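**Student:** Model the full structure from these sequences, guided by the hints.
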Amino acid sequence: MKLSTVFYTLGFASIALSASQFLTSESADKERNGLFIGHWPPTLFLLGKIAEDRERQSSLQQSS
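Counted the way mature numbering (1 follows the signal peptide of the UniProt record, and there is no 0) counts, the sequence shown spans residues -18 to -1, 1 to 46.
Just so you know, the hints here were simulated from the structure itself, not pulled from any lab data. There is no bait here: all hints are sound.
Simulated DEER-style distance windows between Cβ atoms:
hint, residue 1, residue 2, range
1, Q44, H21, 34 to 42 Å
2, S46, T(-14), 22 to 30 Å
3, S46, T(-10), 28 to 36 Å
4, Q43, S9, 46 to 54 Å
5, S46, S9, 52 to 60 Å
6, D11, S46, 51 to 59 Å
7, E13, E37, 32 to 40 Å
Just so we're clear, the structure is a prediction, and the values are computed from it rather than from any experiment. A virtual CB, placed ideally from N, CA and C, is assigned to each residue, including glycine.
**Tutor:** Laid out in structure tokens, this is it:
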């Protein structure tokens, strides 16, 4: 499995986790946890894009 795929999957999973933490919260702590986890997807998607670009670059170098 490619590293970029792992990062993208983790990004989408963190969106789902954040929504479930926030929407099912009965305490302020769980609500804050949901908001904190909600900051992860942009970072994970950015890391996925960087990994994807490096994978593409290495495949181009190997083919030439």
